[in-house]
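Enquirer: Chain by chain, the residues:
Protein chains: 2
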Amino acid sequence: MLSQVVELIENNNKFAITTHVRPDGDGIGSSLGLNWLLRSLDKDSEIIARDDVPSSYLQLPGAGDIRKVSEIDREYDAVFVMECSDIKRPGIARLDEQFVVNIDHHATCEHFGTINWIDPTASAVGEMIYNLCKAIGGRVTKEIAECVYLALVTDTGSFHFPNTTDRTLKVASELVKAGVEPSAISEVVYNSYSWSRVALMQKVMATVKRDETGKVAFMRQTLEMVEETGAVDGDNNGFVNMPLVAKEVFASVYMREVEPNSYRVSLRSKGDLNVASIAESFDGGGHKNAAGCRVEGNWDKRESELVSAIVEAIKKMDKQKPIQIKEEFELSLA
Amino acid sequence: MLSQVVELIENNNKFAITTHVRPDGDGIGSSLGLNWLLRSLDKDSEIIARDDVPSSYLQLPGAGDIRKVSEIDREYDAVFVMECSDIKRPGIARLDEQFVVNIDHHATCEHFGTINWIDPTASAVGEMIYNLCKAIGGRVTKEIAECVYLALVTDTGSFHFPNTTDRTLKVASELVKAGVEPSAISEVVYNSYSWSRVALMQKVMATVKRDETGKVAFMRQTLEMVEETGAVDGDNNGFVNMPLVAKEVFASVYMREVEPNSYRVSLRSKGDLNVASIAESFDGGGHKNAAGCRVEGNWDKRESELVSAIVEAIKKMDKQKPIQIKEEFELSLA
Numbered sequence: 001m002l003s004q005v006v007e008l009i010e011n012n013n014k015f016a017i018t019t020h021v022r023p024d025g026d027g028i029g030s031s032l033g034l035n036w037l038l039r040s041l042d043k044d045s046e047i048i049a050r051d052d053v054p055s056s057y058l059q060l061p062g063a064g065d066i067r068k069v070s071e072i073d074r075e076y077d078a079v080f081v082m083e084c085s086d087i088k089r090p091g092i093a094r095l096d097e098q099f100v101v102n103i104d105h106h107a108t109c110e111h112f113g114t115i116n117w118i119d120p121t122a123s124a125v126g127e128m129i130y131n132l133c134k135a136i137g138g139r140v141t142k143e144i145a146e147c148v149y150l151a152l153v154t155d156t157g158s159f160h161f162p163n164t165t166d167r168t169l170k171v172a173s174e175l176v177k178a179g180v181e182p183s184a185i186s187e188v189v190y191n192s193y194s195w196s197r198v199a200l201m202q203k204v205m206a207t208v209k210r211d212e213t214g215k216v217a218f219m220r221q222t223l224e225m226v227e228e229t230g231a232v233d234g235d236n237n238g239f240v241n242m243p244l245v246a247k248e249v250f251a252s253v254y255m256r257e258v259e260p261n262s263y264r265v266s267l268r269s270k271g272d273l274n275v276a277s278i279a280e281s282f283d284g285g286g287h288k289n290a291a292g293c294r295v296e297g298n299w300d301k302r303e304s305e306l307v308s309a310i311v312e313a314i315k316k317m318d319k320q321k322p323i324q325i326k327e328e329f330e331l332s333l334a
Numbered sequence: 001m002l003s004q005v006v007e008l009i010e011n012n013n014k015f016a017i018t019t020h021v022r023p024d025g026d027g028i029g030s031s032l033g034l035n036w037l038l039r040s041l042d043k044d045s046e047i048i049a050r051d052d053v054p055s056s057y058l059q060l061p062g063a064g065d066i067r068k069v070s071e072i073d074r075e076y077d078a079v080f081v082m083e084c085s086d087i088k089r090p091g092i093a094r095l096d097e098q099f100v101v102n103i104d105h106h107a108t109c110e111h112f113g114t115i116n117w118i119d120p121t122a123s124a125v126g127e128m129i130y131n132l133c134k135a136i137g138g139r140v141t142k143e144i145a146e147c148v149y150l151a152l153v154t155d156t157g158s159f160h161f162p163n164t165t166d167r168t169l170k171v172a173s174e175l176v177k178a179g180v181e182p183s184a185i186s187e188v189v190y191n192s193y194s195w196s197r198v199a200l201m202q203k204v205m206a207t208v209k210r211d212e213t214g215k216v217a218f219m220r221q222t223l224e225m226v227e228e229t230g231a232v233d234g235d236n237n238g239f240v241n242m243p244l245v246a247k248e249v250f251a252s253v254y255m256r257e258v259e260p261n262s263y264r265v266s267l268r269s270k271g272d273l274n275v276a277s278i279a280e281s282f283d284g285g286g287h288k289n290a291a292g293c294r295v296e297g298n299w300d301k302r303e304s305e306l307v308s309a310i311v312e313a314i315k316k317m318d319k320q321k322p323i324q325i326k327e328e329f330e331l332s333l334a
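Protein sequences, first through last, are from chains E and H. Heads up: the first sequence is residues 1 to 334, going by our numbering. Heads up: the second sequence is residues 1 to 334, going by our numbering.
Chain E extracted, bound-state conformation (with noise of 0.2 Å):
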């Protein structure tokens, strides 16, 4: 709860502050938010993480000062592990040592902390570090605010996702009060990229095509496509959904070869279009519009048998009633 967080601070010095592997924004972000804060406070703080920051959010205040561990190495009063679904997630060994405040937005997470303080209401778990700024009565400053911002930013998926809440965007409010230009928060998320990006998204983009349906996109990247182009982990972010565009397209499927034979698979869907259950008959799982799953064997098979997966589900779901964009995609008829 965040008055046991509250509580903690007050009465101790020495933390330290981690997120989950392959960090993201909301990672990032509400670890540097919470970073400041802790030491606008005078306390002793830093920020472990096992994997590297991404390059772009380097661009964040503090984010060079993230050091690098595969386990705690230092003494602390209390670690903050931040969207983190379990205690695993940081991937740094004697971590369940520790006196752990356990920081997420998640409803499925785990309670591993000695602490949980678990807000599924909140957009991102920097929307949570804002709340607790303002709980211990700490000041929103710049360095804080534009921490909290990203990290709002990229969940809420430029403020387009479900989860973006009036609460999200009063949030937001606040922290451009306190000092942050939202353009150059854009500037960091989007185009911070390397012209590989551009290049990968020419060759993938090219793959694009449709089902006989017209509702199911699919799309392909070749080992060959990252080798020609130099691409990097996280230059294909979002290409997944640039078929999504088109309204007549319920369900985009996006498969990247990993190894010869070996495939990493990416589905998106809109409205009531469950692609998790089609993962999950893949071995893989995810949300309802967002999953994932791994297949091997011959590329044109083992796409044509997710796409007609989909299609089928899509079938079934017409038989019931025609499928549409789920209610809260429906705005009010005049």
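Source of the hints: derived by calculation from the structure; they are not laboratory data. A couple of the hints might just be wrong.
One copy or two, it doesn't matter: identical chains are merged, so the pair holds either way.
[Unchecked claim] Dumping the calculated BS3-like pairs for lysine-lysine here, alpha-carbon to alpha-carbon at most 25 Å: (1) LYS247 / LYS134; (2) LYS177 / LYS142; (3) LYS170 / LYS134; (4) LYS134 / LYS88; (5) LYS142 / LYS247; (6) LYS43 / LYS247.
Chain H: place on chain E using the hints.
Expert: Below, chain H without anything else, positioned relative to chain E:
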């Protein structure tokens, strides 16, 4: 001024609302928002426009009732003209004979109305309509909220552009409280295209190249591409920005063939790089970071001239100080 607008509405009954030709999200959203507000106050009000509403915006409540006219054909106490730089922008005859209320958020707007309410601090005219609603003591209904929210989203590029203020986000928060589902509006704005957008994107993306310095990207759209894909107006929204995701790219040139040997050109830039002055040297115009022009003649030659002009501008800037993203894009340093 706002108080004059409030008084006018309170003391009159029969209104029309219009906006500029080829209306955008702010023009349509703010007009619809005002229309819903006036009706909630039991006023007689309608929206008139010369051009069709873009099909995606027809999903907004009330958009189907907009009446197409080319001249004023009814009696009104006053006509609201939304987001227009001058009295001719709506393309409606006899408008200059009316009691005109000019509502705009561009500082450069001519004061062509009997009443002129110009607020350059507003991110969108939609934001002003929210302010009007509060000032007049109206209730922010779900219909008003949805229309105004769409105006905010489109005119701020989903809260990315520098015109996004703490006030913009505060208003957005209030609109969500009034019933807006942000993800529903995003579906309308970003995912309501036809497959032709995807097909055109594939062809245009395939042409993207950069110059020798790597700082200027350029791309083409032929008449044949449009014909083959069945693309319609708006299908290429945002294509010009795609190469700007690369940090090293400072400008983008997008040439569209409108008839053989005649091209419409869009220019985009980052930071201090001024493409309006480039456009002006080709008899075009625009803003510092977003401008356009028309050119004729040999395609390769014209493209090369445009790219060279931008490369020269970058070189000239680099001599003064190395080109960089403008200050407001820089984050505070740790």
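Enquirer: Run every hint past the structure and note whether it holds.
Expert: Hint check results:
1. LYS247 / LYS134: neither (42 Å within a copy, 35 Å between copies)
2. LYS177 / LYS142: within (9 Å within a copy, 27 Å between copies)
3. LYS170 / LYS134: Answer is both; intra-copy 13 Å and inter-copy 18 Å each pass.
4. LYS134 / LYS88: So LYS134 and LYS88 fail the 25 Å test inside a copy (30 Å) and across (51 Å) alike.
5. LYS142 / LYS247: Answer is between; shortest inter-copy Cα gap is 24 Å, intra-copy 40 Å.
6. LYS43 / LYS247: neither (52 Å within a copy, 36 Å between copies)
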